[in-house]
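Colleague: Here are the chains, one letter per residue:
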Amino acid sequence: MLYRENGQFKTTYRADQQIFPILQDRVVVLLFVAFAVIAVPLFASDYLLRAILIPFVIISLAALGVNILVGYCGQISLGSGAFMAVGAYGAYNVMARIPGMPLIPALLLGGFFAMLFGMFFGLPSLRVKGLYLAVATLAAQFFADWMFLRIKWFTLDNSSGSAAVSNLQVFGHALESDASKYLFCLTFLIVIALGAKNLVRGAIGREWMAIRDMDVAAAVIGIRPMYAKLSAFAVSSFIIGVAGALWGFFYLGAWEPAAFSVDQSFRLLFMVIIGGLGSIMGSFFGAAFIVVLPIALNQMLPAIASLFGAQISTSALSHTELMVFGALIVWFLIVEPHGLARLWSIGKEKLRRWPFPH
Amino acid sequence: MKTRQLAFAIAALAASASSLVHTSAAAQAKEQFIPVLSYRTGPYAPNGIPIANGIVDYYKLVNARGGINGVKIAFEECETGYDTARSVECYERLKGKNGGASVVQPWSTGATFAITEKAAVDKIPIVTLGYGRSESADGTVFKWNFPLAGNYWVAADALVQAIGQKEGGLAKLKGKKIALVYHDSPFGKESIPMLDERAAQQGFELLKLPVTAPGVEQKATWLQVRQARPDYVILWGFGVMNSTALKEAQATGYPREKMYGVWWSGAEPDVKDVGEGAKGYNSVTLQNSTDYSAKVVKEILAMVYDKGQGTGNREEVGQVLYLRGAMGSMLTVEGIRAAQERFGKGKVMTGEQVRWGLENLNLTQAKLDALGFAGVLRPISTSCADHMGAYWARIHTWDGKAWKFTTDWLQADEQIIKPMVKAAAAKYAAEKKLTSRTPAECQS
Amino acid sequence: MAFFLETLLGGLMAGMLYSLVALGFVLIFKASGVFNFAQGAMVLFAALAMARFSEWIPQWTGLESKVLSDVAAFAIAALIMFAVAWLIERLVLRHLVNQEGATLLMATIGITYFLEGLGQSLFGSSIYKIDIGMPKDPIFVLESTFQGGVLINKEDLYAALIAATLVALLSLFFQKTATGRALRAVADDHQAAQSIGIALSRIWVIVWCVAGVVALVAGMIWGSKLGVQFSLSTVALRALPVVILGGLTSVPGAIIGGLIIGVGEKLSEVYLGPYVGGGIEIWFAYVLALGFLLIRPQGLFGEKIIDRV
Numbered sequence: 001m002l003y004r005e006n007g008q009f010k011t012t013y014r015a016d017q018q019i020f021p022i023l024q025d026r027v028v029v030l031l032f033v034a035f036a037v038i039a040v041p042l043f044a045s046d047y048l049l050r051a052i053l054i055p056f057v058i059i060s061l062a063a064l065g066v067n068i069l070v071g072y073c074g075q076i077s078l079g080s081g082a083f084m085a086v087g088a089y090g091a092y093n094v095m096a097r098i099p100g101m102p103l104i105p106a107l108l109l110g111g112f113f114a115m116l117f118g119m120f121f122g123l124p125s126l127r128v129k130g131l132y133l134a135v136a137t138l139a140a141q142f143f144a145d146w147m148f149l150r151i152k153w154f155t156l157d158n159s160s161g162s163a164a165v166s167n168l169q170v171f172g173h174a175l176e177s178d179a180s181k182y183l184f185c186l187t188f189l190i191v192i193a194l195g196a197k198n199l200v201r202g203a204i205g206r207e208w209m210a211i212r213d214m215d216v217a218a219a220v221i222g223i224r225p226m227y228a229k230l231s232a233f234a235v236s237s238f239i240i241g242v243a244g245a246l247w248g249f250f251y252l253g254a255w256e257p258a259a260f261s262v263d264q265s266f267r268l269l270f271m272v273i274i275g276g277l278g279s280i281m282g283s284f285f286g287a288a289f290i291v292v293l294p295i296a297l298n299q300m301l302p303a304i305a306s307l308f309g310a311q312i313s314t315s316a317l318s319h320t321e322l323m324v325f326g327a328l329i330v331w332f333l334i335v336e337p338h339g340l341a342r343l344w345s346i347g348k349e350k351l352r353r354w355p356f357p358h
Numbered sequence: 001m002k003t004r005q006l007a008f009a010i011a012a013l014a015a016s017a018s019s020l021v022h023t024s025a026a027a028q029a030k031e032q033f034i035p036v037l038s039y040r041t042g043p044y045a046p047n048g049i050p051i052a053n054g055i056v057d058y059y060k061l062v063n064a065r066g067g068i069n070g071v072k073i074a075f076e077e078c079e080t081g082y083d084t085a086r087s088v089e090c091y092e093r094l095k096g097k098n099g100g101a102s103v104v105q106p107w108s109t110g111a112t113f114a115i116t117e118k119a120a121v122d123k124i125p126i127v128t129l130g131y132g133r134s135e136s137a138d139g140t141v142f143k144w145n146f147p148l149a150g151n152y153w154v155a156a157d158a159l160v161q162a163i164g165q166k167e168g169g170l171a172k173l174k175g176k177k178i179a180l181v182y183h184d185s186p187f188g189k190e191s192i193p194m195l196d197e198r199a200a201q202q203g204f205e206l207l208k209l210p211v212t213a214p215g216v217e218q219k220a221t222w223l224q225v226r227q228a229r230p231d232y233v234i235l236w237g238f239g240v241m242n243s244t245a246l247k248e249a250q251a252t253g254y255p256r257e258k259m260y261g262v263w264w265s266g267a268e269p270d271v272k273d274v275g276e277g278a279k280g281y282n283s284v285t286l287q288n289s290t291d292y293s294a295k296v297v298k299e300i301l302a303m304v305y306d307k308g309q310g311t312g313n314r315e316e317v318g319q320v321l322y323l324r325g326a327m328g329s330m331l332t333v334e335g336i337r338a339a340q341e342r343f344g345k346g347k348v349m350t351g352e353q354v355r356w357g358l359e360n361l362n363l364t365q366a367k368l369d370a371l372g373f374a375g376v377l378r379p380i381s382t383s384c385a386d387h388m389g390a391y392w393a394r395i396h397t398w399d400g401k402a403w404k405f406t407t408d409w410l411q412a413d414e415q416i417i418k419p420m421v422k423a424a425a426a427k428y429a430a431e432k433k434l435t436s437r438t439p440a441e442c443q444s
Numbered sequence: 001m002a003f004f005l006e007t008l009l010g011g012l013m014a015g016m017l018y019s020l021v022a023l024g025f026v027l028i029f030k031a032s033g034v035f036n037f038a039q040g041a042m043v044l045f046a047a048l049a050m051a052r053f054s055e056w057i058p059q060w061t062g063l064e065s066k067v068l069s070d071v072a073a074f075a076i077a078a079l080i081m082f083a084v085a086w087l088i089e090r091l092v093l094r095h096l097v098n099q100e101g102a103t104l105l106m107a108t109i110g111i112t113y114f115l116e117g118l119g120q121s122l123f124g125s126s127i128y129k130i131d132i133g134m135p136k137d138p139i140f141v142l143e144s145t146f147q148g149g150v151l152i153n154k155e156d157l158y159a160a161l162i163a164a165t166l167v168a169l170l171s172l173f174f175q176k177t178a179t180g181r182a183l184r185a186v187a188d189d190h191q192a193a194q195s196i197g198i199a200l201s202r203i204w205v206i207v208w209c210v211a212g213v214v215a216l217v218a219g220m221i222w223g224s225k226l227g228v229q230f231s232l233s234t235v236a237l238r239a240l241p242v243v244i245l246g247g248l249t250s251v252p253g254a255i256i257g258g259l260i261i262g263v264g265e266k267l268s269e270v271y272l273g274p275y276v277g278g279g280i281e282i283w284f285a286y287v288l289a290l291g292f293l294l295i296r297p298q299g300l301f302g303e304k305i306i307d308r309v
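Chains as they are written, first to last, in the numbering used here: chain Y, 1 to 358; chain U, 1 to 444; chain D, 1 to 309.
In case anyone wonders, no lab produced these hints; they're calculated from the structure.
Keep in mind that a hint or two might mislead.
Stated by the list, open to error - Cross-link-like lysine-lysine pairs, in silico, DSSO-like; alpha carbons within 27 Å at most: (1) Lys129/D <-> Lys258/U; (2) Lys174/U <-> Lys258/U; (3) Lys401/U <-> Lys154/D; (4) Lys258/U <-> Lys136/D; (5) Lys129/D <-> Lys272/U; (6) Lys272/U <-> Lys66/D; (7) Lys30/U <-> Lys97/U; (8) Lys279/U <-> Lys129/D; (9) Lys348/Y <-> Lys10/Y; (10) Lys166/U <-> Lys272/U; (11) Lys66/D <-> Lys401/U; (12) Lys418/U <-> Lys152/Y; (13) Lys66/D <-> Lys279/U; (14) Lys72/U <-> Lys367/U; (15) Lys166/U <-> Lys176/U; (16) Lys208/U <-> Lys418/U; (17) Lys136/D <-> Lys279/U; (18) Lys136/D <-> Lys404/U; (19) Lys404/U <-> Lys367/U; (20) Lys152/Y <-> Lys433/U.
Unchecked claim - Calculated from the model, a selection of chain U residues having no Cβ within reach of chain Y, i.e. all distances over 10 Å: (21) Asn69; (22) Lys118; (23) Lys123; (24) Gln201; (25) Asp231; (26) Lys258; (27) Lys279; (28) Thr290; (29) Asn313; (30) Ala366; (31) Arg378; (32) Pro379; (33) Ser381; (34) Asp399; (35) Lys432.
Keep in mind the model is a prediction, meaning the values are calculated, not measured.
Built from N, CA and C at the ideal position, the CB exists for glycine as well.
Bound conformation, chain Y alone (with noise of 0.2 Å):
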């Protein structure tokens, strides 16, 4: 009834693919970025800022670019820590090496050598396929690992091996409060996001699904493997990396290798598979599961176990965060396998019909 398209008739090619076509997408879309860029920072506490809002902008953007390589294009990878590790290192060596540097660039080139390290790496690709290549891009996350520990030169030759930055500022505006930072890690992930979707509607992205579902019949009707795959590897270890640099300025604020390490990697395949593969949506449900769901649980369990009189311990708590998280995931995995992105269309599709549901 709400969710119609009768009455809105497209009478150019430009509007009718657009990425909203429908009028009540465009407006919901709107207002929604309209309350993360206005309304969240108004009203929200600098805890909710600093401990939930902005780790979950800068991972949905890892994730997002990890939903390309392995969503869009297939090719399972778990060596996405030390694509944003890689990210992380180059802005701050590009920051702190060159006097003056301004940040936006900055963060650009450390997404740029994430992307020359992704696709170096990405090379296994071409031969090897499937969970084998998954494996294999393993080597990519512990020499990363290694290399940040090893090599001081990336460090700047400090002992510790670990980086930290502080005084950012951009366009002679310093990012002192949490408002300000969430919304320049927002402005980066909207565009980042809008960029990745126009992408994967166009040549490359159908390119990139070919290579998905088949790749040998991609070949056969002309599509390069190589350059198919190795875009992908390209664009989605730049945005990585550029997630990783803000990660690592905007979050941590100092870190040093352990911060990306292959749990990194496995947090970040795991939410684009819960989130949906293969889609732009899925990138975001994914990270808030992820990011939200154990800060909240945190939160929620002792509140639930005071209703029944007991005291819960910290230990006790860490475990049970455990045991429901695995236990969600399997559940949502048993509802909807095909992610939480699938759930969300079908909720839009049953919107359609309401309400006359058949």
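Starting from the known structure of chain Y, fit chains U and D onto it as the hints suggest.
Modeller: Using the frame of chain Y, we list chains U and D on its own:
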């Protein structure tokens, strides 16, 4: 199916709503809030659990005695799993609760690096007993960090001196070979500047063997030790790396008497399951070893455990890491007490006031004995420029069943450490474009 | 030369220990096409169960003999792993039949988290001891030929022998028994196996049970070497290169892959490591596996991936 989905949707909404509501404990007007970052799960839990129990039990003891001049301590534990990102999240969540945190102890070098930047902005002092950045002993640059009782360079120097003592004098170390088996992380690498300096001065060869975290597989490392046949091995690890190293040493036949560990590698969890196989293994101590007869141990057992308020097992009270946690709490409490002397007895102290207290700690032996730490600690005396307060350590050795002291007090060489600390702190200040504090600023 | 032999032997034995963990992965993948990410957590859970029960049984029943209580603990831990296997099949796998690989992988990840939380809350987070009487001191052989002799770690030697026995038993099981034949049939083609009357769910329970017992043996041996605590689950990450080098569907591949990775790791760390500062073991193993994959993309003994267009 529909009702199930609807029910789930409502539950999810309630969950997300409740996560936005901050559940704050009923904050009493006169309570000093101290967040406790601990790791009771994860790979470092065996070491983290006794530390956390020590910290919490000491606060309970202080409250049982009536608090700090009547002000009780409100503490809240947060599980970090030794993960830096989770530690940062815990810090952010707890720093504003209950009227504001007044002091924080991260108990992890990685978390210390991350929280140092934030605490300076939030004006909350960080107490890092025997870990964190070694150069944070310089209080003029690191205005909010307190590596009380010792830092990594004190440990490294004490180890070299102990080895020198074993050989019959530091001069006898010339031409010897010492291997450093270290945890490949900022924690492990902290030892290297000091050991390099000592190697240059005393003329011994330092062989560096990194072990990738968490240190579960060390066969190759110890094969290299066997090939190099060093005269001594310094073990600088944490968690499972320590017991694995001792087991591999046994398996390759390296004498444990020639192994010296840092104070994070010399506690019960590291040697208990190796048992007799670790007999003869030495470790430097952050002043304390296992001490079941110390007055503070007896008081905790009497006033906390006998009342059923104990956090962990009775048998743990008095062990190395337990006492270290209690020491951390004690120094924090004494810092708050010193702050109260200046800013008002019986009042709740802010972070800045606690910082003043921590840099004006004057714990004489008499005061320490009165607190129950006789035989456990030596006097600790901090100042604005010196946030460490003590340069002393002892060596204890595992005899197969318990830790026993085998040397007297060793004093780390201030002539070497102080210039290194100053130089490293100056480098940090230059990088961050910080200005050091002048003596005039210290009095505030 | 003696030192080279020591490193080589050490690598071979370390490799056998890795293959023990890799076997679990291979068994489950072969029979059900699921990459069991939870294998590491299963090793930890099984080891925790055995370690704790070997402590608790003497306490509860007053049993004096260490050997008997160890055997009883092993048996109870095996029963617990059977229960876990049955529950996994019942609650998770049955509902995810015919889903794609990524979904099943994710489900095993959920199981990992669940087992880690459950294991630590039931059995605790400290270090626990498994003492099965493994000797801790080394032996020195060939002392006449080489000065100082060649060091052999007795514990690793016994562990390698146990691993070899386990593999032999598994091979016998697969080749000679009816259930083993049914398992091979299911591994070959699910639908064909169903069409001749093999109950898939029963087979999967059996496979997960066998993988559980393999995890228990691996946990017992690694736990005896390292002590049972949380980091034990990271051993699975060390075993992954073995799995892909040998091929995801091959049991002999897991063994040979293990030997190659073990030797490669140790030799690289000892001989190449000093030139680059050390600590290269882990990524070298993966790079080595990757190198082999470039020549044979399905692993040394894995099934060739046939793409039908």
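Colleague: Beyond 10 Å from chain Y, beta-carbon-wise, is Asn313/U?
Modeller: 14 Å, holds
Colleague: Does the structure keep Lys279/U and Lys129/D at a Cα separation of 27 Å or less?
Modeller: 17 Å, holds
Colleague: Lys404/U and Lys367/U were given as a pair; does the straight-line alpha-carbon distance stay at or below 27 Å?
Modeller: 25 Å, holds
Colleague: Does Lys66/D lie within 27 Å of Lys272/U when you go C-alpha to C-alpha?
Modeller: 19 Å, holds
Colleague: Decide if the proposed pair is consistent with the structure: Lys418/U and Lys152/Y, CA atoms, cutoff 27 Å inclusive.
Modeller: 24 Å, holds
Colleague: Keeping to a limit of 27 Å between CA atoms, is the pair of Lys72/U and Lys367/U held or broken?
Modeller: 21 Å, holds
Colleague: Are the Cα atoms of Lys129/D and Lys272/U separated by 27 Å or less?
Modeller: Satisfied, since the Cα-Cα distance of roughly 9 Å is no more than 27 Å.
Colleague: Per the stated criterion, does the least C-beta distance between Pro379/U and chain Y lie above 10 Å, as a non-interface residue requires?
Modeller: 30 Å, holds
Colleague: Hey, does Lys432/U actually stay past 10 Å from chain Y on C-beta?
Modeller: Not fine: 6 Å to the nearest Cβ puts Lys432/U too close to chain Y.
Colleague: Keeping to a limit of 27 Å between CA atoms, is the pair of Lys136/D and Lys404/U held or broken?
Modeller: Since the Cα atoms of Lys136/D and Lys404/U sit roughly 24 Å apart, the hinted pair holds (cutoff 27 Å).
Colleague: Is it true that the CA of Lys166/U sits at most 27 Å from the CA of Lys176/U?
Modeller: 13 Å, holds
Colleague: Does the claim that Arg378/U lies off the interface hold, with its Cβ farther than 10 Å from every Cβ of chain Y?
Modeller: 28 Å, holds
The structure is inconsistent with the numbered hints 22 and 35, although it conforms to all the rest.
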